[in-house]
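Enquirer: The chain contents come next:
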Amino acid sequence: MSEVVTQVQSKTQVNQARTSTDILHEINEIKGVNAVVVVGRDGFVIESIGHMPNSNLDVLGAAIASAINGISEMGAELTVGDFTDLFVTYKEAMIMCFPVGDAICGIAGEDASALGMIRHKTHKLIPELELYL
Amino acid sequence: MTVMRDKVVKDLVNITVTHDQDGLIPNFNVLVNQLPTSFWNTFAERIIATCPADRKPALEAALIQCAYECGYHTGYGIITSQEFKSVVMPMVTEGPKDVLRGAFAVFTAWGWAKSGIVQIVEGEKMTIRATDYYEADDAKGSDKHAYMIRGISTAFFELAYSDPYPNGMGKFQCEQVKGIECGDPFGEFIVTKK
Amino acid sequence: MTLELKHSFDDKTYRHFLNGFNIVLHCHHYMCLTTKLAEDFNDIGGTRILTETAEDTIRPIFDEYAKTHAIAPGDARLKMAAEFYSAMGLGRMDTSGTANAGNVTLQKSHIDQGWVKKWGNNTKPINHFTRGYIAAMFAAAFDKPARSYMVTETEAIVTGKPASAFAIVKQ
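Protein chains in written order, with the working numbering: chain A, 1 to 133; chain B, 1 to 194; chain C, 1 to 171.
So here's chain A without its partners, still in its complex pose (with noise of 0.2 Å):
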């Protein structure tokens, strides 16, 4: 018993330890991932790592907030709830995107390949972000 508690303790303090950048780092880490965003939804940047070749993460963040605004605009038209995830994909990029509270993560890779591997790893990290924010 008393070691279960030591664990639960254990875990906890280490989460407290935790920051949404060492998140923001670990989705980073994920084989196909070039950059992680965390913008609110006006476009502002909280929160960025990674780079991308093209662009620069400032303008990654406004065209995010942009779509992800006229999706929900688009949601509430259909009366379909609010929007959970967006996947888009380029002929150089792929770009996911899932609400984190009232802002936006947006994960940017250069292709699809890795995609299964990014949502499973993300399933978990997502809603831990939004605890840091």
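Worth flagging that the hints you see were computed from the coordinates, not collected in a lab.
Where hints are given, some of them may not hold.
[Stated by the list, open to error] No more than 30 Å apart at the CA atoms, straight line, and that leaves these computed lysine-lysine pairs for DSS-like:
#: 1; chain 1: C; residue 1: Lys6; chain 2: B; residue 2: Lys7
#: 2; chain 1: C; residue 1: Lys36; chain 2: B; residue 2: Lys193
#: 3; chain 1: C; residue 1: Lys36; chain 2: B; residue 2: Lys194
#: 4; chain 1: B; residue 1: Lys85; chain 2: C; residue 2: Lys118
#: 5; chain 1: C; residue 1: Lys117; chain 2: B; residue 2: Lys85
#: 6; chain 1: C; residue 1: Lys170; chain 2: C; residue 2: Lys124
#: 7; chain 1: B; residue 1: Lys125; chain 2: A; residue 2: Lys124
#: 8; chain 1: B; residue 1: Lys7; chain 2: A; residue 2: Lys91
#: 9; chain 1: B; residue 1: Lys85; chain 2: B; residue 2: Lys7
#: 10; chain 1: B; residue 1: Lys10; chain 2: B; residue 2: Lys194
#: 11; chain 1: C; residue 1: Lys124; chain 2: B; residue 2: Lys56
#: 12; chain 1: B; residue 1: Lys194; chain 2: B; residue 2: Lys171
[As the list claims (entries may be wrong)] Here are some, though not all, of the chain C residues that point toward chain B, as calculated from beta-carbon distances under 10 Å:
#: 13; residue: His7
#: 14; residue: Tyr14
#: 15; residue: His26
#: 16; residue: Thr34
#: 17; residue: Glu52
#: 18; residue: Ala87
Where is the CB? At the ideal position from N, CA and C, for every residue including glycine.
Assemble chains B and C onto chain A, guided by the hints.
Expert: Below, chains B and C alone, put in the same frame as chain A:
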């Protein structure tokens, strides 16, 4: 649609700030000046360095107060100005939250801090992050000293959620929890009720 | 003389520059409250710190411009500095002087008019910033080091006079 800060910043930085025949810059219902950031930083740094330890809290509170009053009056001038009405208001769809987003875009466009809203609990709490701000320049120690951002963040939040101008002062406060000047990757500021 | 002013904006840091110097827009509330703060903390040298800070941080702008545009020492540099005063939104300034003494008049003043707008008239002059500005201006004009000039505000718009006047003497 919400306020897109990128568009606001781009539109506002293109407005040329020039003086009139009296050498003054009347705008946003105030007289504007444009001075080197080194002036504001050096003044704060020197007066703090000269201040005895027992009076330092009072001095820091006074430095915050300078920005707080400035932010409250100028902030009101900004959000009621023609520029704000034409650039920002067409994008406002979420009430005070969007007005605050617009105000922080102006804050950024004026060169105060590359900053924005992380989270708002309407009427209760706001978290701001700044990834570049002049108050962090030439930082030497471990003290957080973004007094200007603290004062102005409080003022903006009061303009959005406190009693209508000019009766809404003194209801909120702002704490700086992270600072580029002491080694953090960004500055973080939390506005809460007093 | 018309100043060549180059405004630029860095879209990565979102900072503004005037002829390469990082500048920031603020209002008369901020400037007047800072002046008031300096007065309130005058027992630890508040107004002296404000004046000296103005002298030290404005001077590089004059030196750089005079060097880049080959402005000769003396009157031309005084006029250059007076134009910068307006460009910064601080008011309208007339100057005259030599390396040993001079006079400056402000027909309009951001700080005085801002103070009056905010609190009404004051019983004594408060334009400590401009005393430092003028000290920098004369030192730059006559190639002297900092603290070479003593600047006294002899009349002030803030006290109800139509113009502010400053007397400059080499120390």
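Enquirer: Now, for every hint given, state plainly whether the structure supports it.
Expert: Each hint, compared with the structure:
1. The suggested pairing of C:Lys6 with B:Lys7 holds, with an alpha-carbon distance near 23 Å, which does not exceed 30 Å.
2. For the given pair, C:Lys36 sits about 27 Å from B:Lys193 by alpha-carbon distance, which is consistent with the 30 Å threshold.
3. Restraint check for C:Lys36 and B:Lys194: the C-alpha separation of about 25 Å stays at or below 30 Å, so the hint holds.
4. Taken as a hint, the B:Lys85 and C:Lys118 pair is honoured in the structure, with Cα atoms around 25 Å apart against an allowance of 30 Å.
5. Under the criterion of a C-alpha separation no larger than 30 Å, the hint pairing C:Lys117 with B:Lys85 is consistent with the structure, at around 25 Å.
6. Pair hint C:Lys170 plus C:Lys124 holds up; C-alpha atoms about 24 Å apart against a cutoff of 30 Å.
7. For the given pair, B:Lys125 sits about 27 Å from A:Lys124 by alpha-carbon distance, which is consistent with the 30 Å threshold.
8. In summary, the hint linking B:Lys7 to A:Lys91 is supported, as the alpha carbons are separated by about 27 Å, within the 30 Å threshold.
9. For the suggested pair B:Lys85 and B:Lys7, the alpha carbons sit about 14 Å apart, so the restraint of at most 30 Å is met.
10. A threshold of 30 Å between alpha carbons decides the hint, and for B:Lys10 with B:Lys194 the separation of about 35 Å lies outside it, so the pair is violated.
11. Between C:Lys124 and B:Lys56 the CA atoms are separated by roughly 27 Å; this keeps the pair inside 30 Å, and the hint holds.
12. At roughly 6 Å between alpha-carbon atoms, B:Lys194 and B:Lys171 fall within 30 Å of each other, so this suggested pair holds.
13. Taking 10 Å as the C-beta contact cut-off toward chain B, the hint placing C:His7 at the interface holds, the least distance being around 7 Å.
14. For the restraint placing C:Tyr14 at the interface with chain B, the shortest Cβ-Cβ distance is roughly 4 Å, inside the 10 Å limit, so the hint holds.
15. Using the Cβ-Cβ criterion of 10 Å, the hint placing C:His26 at the interface with chain B is satisfied: the shortest such distance is roughly 6 Å.
16. The interface hint given for C:Thr34 holds, since its Cβ lies 5 Å from the closest Cβ of chain B, which is under the 10 Å cut-off.
17. Contact between C:Glu52 and chain B, as hinted, is supported at the beta carbon level, the nearest pair being about 8 Å apart and thus within 10 Å.
18. For C:Ala87, the interface hint holds, the least distance from its beta-carbon to any beta-carbon of chain B being 6 Å, beneath 10 Å.
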